[in-house]
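Protein chains: 2
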Amino acid sequence: MKAQIITIGDELLIGQTVDTNSAWMGSELSSLGFDVCRRISIHDLRLDILDVLAEVSGKSDVVLITGGLGPTSDDITKQTLCEFFKTKLVTDHEVLDMIEEMYKQRNWPMNENNRRQAEVPEACRVLKNRAGTAPGIWFEKDKTIFVSMPGVPHEMKHIMNEHILPELKKRFSSQAIIHKNIMTYGIGEASLAEILTGFEETLPKELKLAYLPASGIIKLRLTATGQDKRYLNTIMTEQIKKLYTTIPELIFAEDEESFEMVIGNLLKENGKTISTAESCTGGRIASMLTSIPGSSQYFKGSVIAYDNSIKTDVLGVSQEILEKFGAVSRETVEKMAEGARSLLKTDYAVATSGIAGPDGGNELKPVGTVCIAVSSPSGTISEKRRFGNERIANINRFSIAALHLVWRQITCQ
Amino acid sequence: MKAQIITIGDELLIGQTVDTNSAWMGSELSSLGFDVCRRISIHDLRLDILDVLAEVSGKSDVVLITGGLGPTSDDITKQTLCEFFKTKLVTDHEVLDMIEEMYKQRNWPMNENNRRQAEVPEACRVLKNRAGTAPGIWFEKDKTIFVSMPGVPHEMKHIMNEHILPELKKRFSSQAIIHKNIMTYGIGEASLAEILTGFEETLPKELKLAYLPASGIIKLRLTATGQDKRYLNTIMTEQIKKLYTTIPELIFAEDEESFEMVIGNLLKENGKTISTAESCTGGRIASMLTSIPGSSQYFKGSVIAYDNSIKTDVLGVSQEILEKFGAVSRETVEKMAEGARSLLKTDYAVATSGIAGPDGGNELKPVGTVCIAVSSPSGTISEKRRFGNERIANINRFSIAALHLVWRQITCQ
Numbered sequence: 054m055k056a057q058i059i060t061i062g063d064e065l066l067i068g069q070t071v072d073t074n075s076a077w078m079g080s081e082l083s084s085l086g087f088d089v090c091r092r093i094s095i096h097d098l099r100l101d102i103l104d105v106l107a108e109v110s111g112k113s114d115v116v117l118i119t120g121g122l123g124p125t126s127d128d129i130t131k132q133t134l135c136e137f138f139k140t141k142l143v144t145d146h147e148v149l150d151m152i153e154e155m156y157k158q159r160n161w162p163m164n165e166n167n168r169r170q171a172e173v174p175e176a177c178r179v180l181k182n183r184a185g186t187a188p189g190i191w192f193e194k195d196k197t198i199f200v201s202m203p204g205v206p207h208e209m210k211h212i213m214n215e216h217i218l219p220e221l222k223k224r225f226s227s228q229a230i231i232h233k234n235i236m237t238y239g240i241g242e243a244s245l246a247e248i249l250t251g252f253e254e255t256l257p258k259e260l261k262l263a264y265l266p267a268s269g270i271i272k273l274r275l276t277a278t279g280q281d282k283r284y285l286n287t288i289m290t291e292q293i294k295k296l297y298t299t300i301p302e303l304i305f306a307e308d309e310e311s312f313e314m315v316i317g318n319l320l321k322e323n324g325k326t327i328s329t330a331e332s333c334t335g336g337r338i339a340s341m342l343t344s345i346p347g348s349s350q351y352f353k354g355s356v357i358a359y360d361n362s363i364k365t366d367v368l369g370v371s372q373e374i375l376e377k378f379g380a381v382s383r384e385t386v387e388k389m390a391e392g393a394r395s396l397l398k399t400d401y402a403v404a405t406s407g408i409a410g411p412d413g414g415n416e417l418k419p420v421g422t423v424c425i426a427v428s429s430p431s432g433t434i435s436e437k438r439r440f441g442n443e444r445i446a447n448i449n450r451f452s453i454a455a456l457h458l459v460w461r462q463i464t465c466q
Numbered sequence: 054m055k056a057q058i059i060t061i062g063d064e065l066l067i068g069q070t071v072d073t074n075s076a077w078m079g080s081e082l083s084s085l086g087f088d089v090c091r092r093i094s095i096h097d098l099r100l101d102i103l104d105v106l107a108e109v110s111g112k113s114d115v116v117l118i119t120g121g122l123g124p125t126s127d128d129i130t131k132q133t134l135c136e137f138f139k140t141k142l143v144t145d146h147e148v149l150d151m152i153e154e155m156y157k158q159r160n161w162p163m164n165e166n167n168r169r170q171a172e173v174p175e176a177c178r179v180l181k182n183r184a185g186t187a188p189g190i191w192f193e194k195d196k197t198i199f200v201s202m203p204g205v206p207h208e209m210k211h212i213m214n215e216h217i218l219p220e221l222k223k224r225f226s227s228q229a230i231i232h233k234n235i236m237t238y239g240i241g242e243a244s245l246a247e248i249l250t251g252f253e254e255t256l257p258k259e260l261k262l263a264y265l266p267a268s269g270i271i272k273l274r275l276t277a278t279g280q281d282k283r284y285l286n287t288i289m290t291e292q293i294k295k296l297y298t299t300i301p302e303l304i305f306a307e308d309e310e311s312f313e314m315v316i317g318n319l320l321k322e323n324g325k326t327i328s329t330a331e332s333c334t335g336g337r338i339a340s341m342l343t344s345i346p347g348s349s350q351y352f353k354g355s356v357i358a359y360d361n362s363i364k365t366d367v368l369g370v371s372q373e374i375l376e377k378f379g380a381v382s383r384e385t386v387e388k389m390a391e392g393a394r395s396l397l398k399t400d401y402a403v404a405t406s407g408i409a410g411p412d413g414g415n416e417l418k419p420v421g422t423v424c425i426a427v428s429s430p431s432g433t434i435s436e437k438r439r440f441g442n443e444r445i446a447n448i449n450r451f452s453i454a455a456l457h458l459v460w461r462q463i464t465c466q
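Here the protein sequences line up with chains F and Z, keeping their order. Numbering-wise, my numbering puts 301 at position 248 of the first sequence, and it's gapless, one number per residue. Numbering-wise, my numbering puts 273 at position 220 of the second sequence, and it's gapless, one number per residue.
The hints are simulated quantities; they were obtained by calculation from the structure and are not laboratory data. A portion of the hints provided could be inaccurate.
No copy labels: a pair is met if it fits in one copy or bridges any two.
As the list claims (entries may be wrong) - Within a straight-line C-alpha distance of at most 27 Å, the following computed DSS-like cross-link-like pairs (lysine-lysine) qualify:
1) LYS325 - LYS398
2) LYS272 - LYS398
3) LYS210 - LYS272
4) LYS418 - LYS321
5) LYS272 - LYS294
6) LYS181 - LYS223
7) LYS295 - LYS261
This one's a predicted model, so the numbers in the text were calculated from it and none came from an experiment.
Next comes chain F alone, as it looks inside the complex (with noise of 0.2 Å):
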């Protein structure tokens, strides 16, 4: 069970338009037991399309295709399929009636591309949109079922769940594949690897293991491909508890879970709130934690300390353990951890203070340094580490680290 998407447009190809499309039916088609085996974007342009279709053709079982089905000119998908299947552009009328009916509930005039919208080839099923104006057109040749959808997210989004995939679904059940992620943290991608150099070798056959890292964050993908679903789960399962055991330290969520999610979920369980109280991170940990819908049930709120004259008069960190220590010291952000939890009234906060690049360095500290501190009922506690020299992957990596502290005290991992 084989699939492809192409993807059609300028704007992808100059980096307009980041391809979001390919992703979701990438993860639909998967979730289906589909191997997306390619995703091809080209130009608005006759002999490309004619090329990547007969390219294409006889050897996926479906190929899905987004874009230039619009009305403006650059839009010619719809003709240079009928130039592959040999067909002709008709009206359909139950389209045509769905366009004006559409048009006059708006109150929007309607032209010419406007009706130019209900021509689809003659040979072809059409697939109504109730999204927009542009329907979806399905094609079969060679045993392969070519699909052709608008560009516009939520319209291809609408076709694909209205028509497209209940129809794969019925007629394409054979093969399951199953994905589960594990998240880790606190190792590099070498070294995990390493560790499970057993597990992996071990893995029975209808699993694969990806590493996906990202921050500091290694995503541990594993996909199980095989016929028989319930087998499947089963292997998988006792795959994913084998991992809890080899690396128990390491793993802090499954699927998609971020710190910020995890961390979320924890306070909210626990009745609890956070405060964070930031120097380096210039607030992104707050915006992180904020990113999550409901955070204002346990986050209450920051003090950026930028500048040190925050750090003492907001912050209450006294002149003697800047000057001893300097800003950049475990000692320094335990004070500010300590500060922003009682002015902010919170259970936990967390501080950070850190050299992001890309001046501000010395030999004792360079760009990359940053101390983090974790204030909470049982206590304070505090670490150093070290980065790399990028302002902006630094600052995302002091923030998930410092997140990582969080999670550790409040798991008292």
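For this one, chain F is given, so just place chain Z on it according to the hints.
Structure of chain Z alone, referenced to chain F:
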């Protein structure tokens, strides 16, 4: 001048990762005058990689490849490139030294997998990667340049900026291309396009205008293509001037400058400082301001007052105002801005309070409502605005709207 982009990784095909690398590389290649004619994503599978390399070979001047250079067993790009280019892996001692130095600095243990990162194809040119451990790999065959890079976005960008883009610029410079971006804010894409109809119709034939909208900011990109660079520069300057007279109040910067950069430069020039008092934006504005290197010169700090108690206890908003007008009101944000300005002792302070969603809205103040205030030596101004329903998009748009108000106040537009 044709280019193709190949991204390797199962995560791209099953839609776990959105392929932002392709968009970035496509945009950079286009700006050098390359026609990016195809983008392909494939599995981490030897045969798939060999197939696609054979397909693209000789068909483009440049092929950029990302992904599969990591240290784990699912990363097979390097070995497969060796097979395709008929060469073998050898240890590059300069790269090994760099990796060892990096691990020493960070106090990380080094293992066999890390050392293997220094293995490179014998016949390739090695592009050093100071942002990570996997170097870039440059091959030439059949008049096609192949460059393989790690898939981690900041490492890929580092290698592109440091090595690939300068080299491509040197070698492919037959036709001149000039890009110029004009950054606008304050009006929708359709309305802006309507205002600029006349401007667009009278553009010299060498010039093309594109609209690139993101979070309320619309970047107008003018591209001039031709043989005579001096002439292109002349007509570009003329048209930019015309644009400034057509939409003077909408332009806030040129090229890729963001509000946080423009504001940072203005504050530095005038020796002024800024702070923030954020409710619904939860630290996002502070995070944007401090993403700029050197921002400690003008950014002093923030109070994030998610909880009303922090608005009253720390920022000094009176209980009467909160009760009479509500947390999401111009009155409240004005007091928040004034409170932050006085507590944090800055020249400017910007405050936000709103409903990012998905919950918390009501008929009078629906999700997407935000109030913004800026307090400055010349007084306090505020506005109430309304955006969409999506939380993350709202937080971004609120923050940009707030920075826009700061910019207007500093420049008194």
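Here is how each hint holds up against the structure:
Taking CA atoms no more than 27 Å apart as the test, LYS325 paired with LYS398 passes inside one copy only; the shortest distance there is 11 Å, against 32 Å between copies. Taking identical chains as interchangeable, the C-alpha atoms of LYS272 and LYS398 are never at most 27 Å apart, the minima being 35 Å within one chain and 43 Å between chains. Taking the closest pair of Cα atoms, LYS210 and LYS272 come within 27 Å of each other both inside a single copy (21 Å) and across two copies (22 Å). With identical chains, the CA atoms of LYS418 and LYS321 are at most 27 Å apart between copies only, with a shortest distance of 26 Å across copies and 37 Å within one.
For a Cα distance limit of 27 Å, the shortest separation of LYS272 from LYS294 inside one copy, 16 Å, qualifies, whereas the shortest one across copies, 50 Å, does not. For a Cα distance limit of 27 Å, the shortest separation of LYS181 from LYS223 inside one copy, 19 Å, qualifies, whereas the shortest one across copies, 51 Å, does not. In this homomeric assembly, LYS295 and LYS261 come within 27 Å of each other (Cα to Cα) only inside a single copy, at 15 Å, whereas the closest approach across copies is 58 Å.
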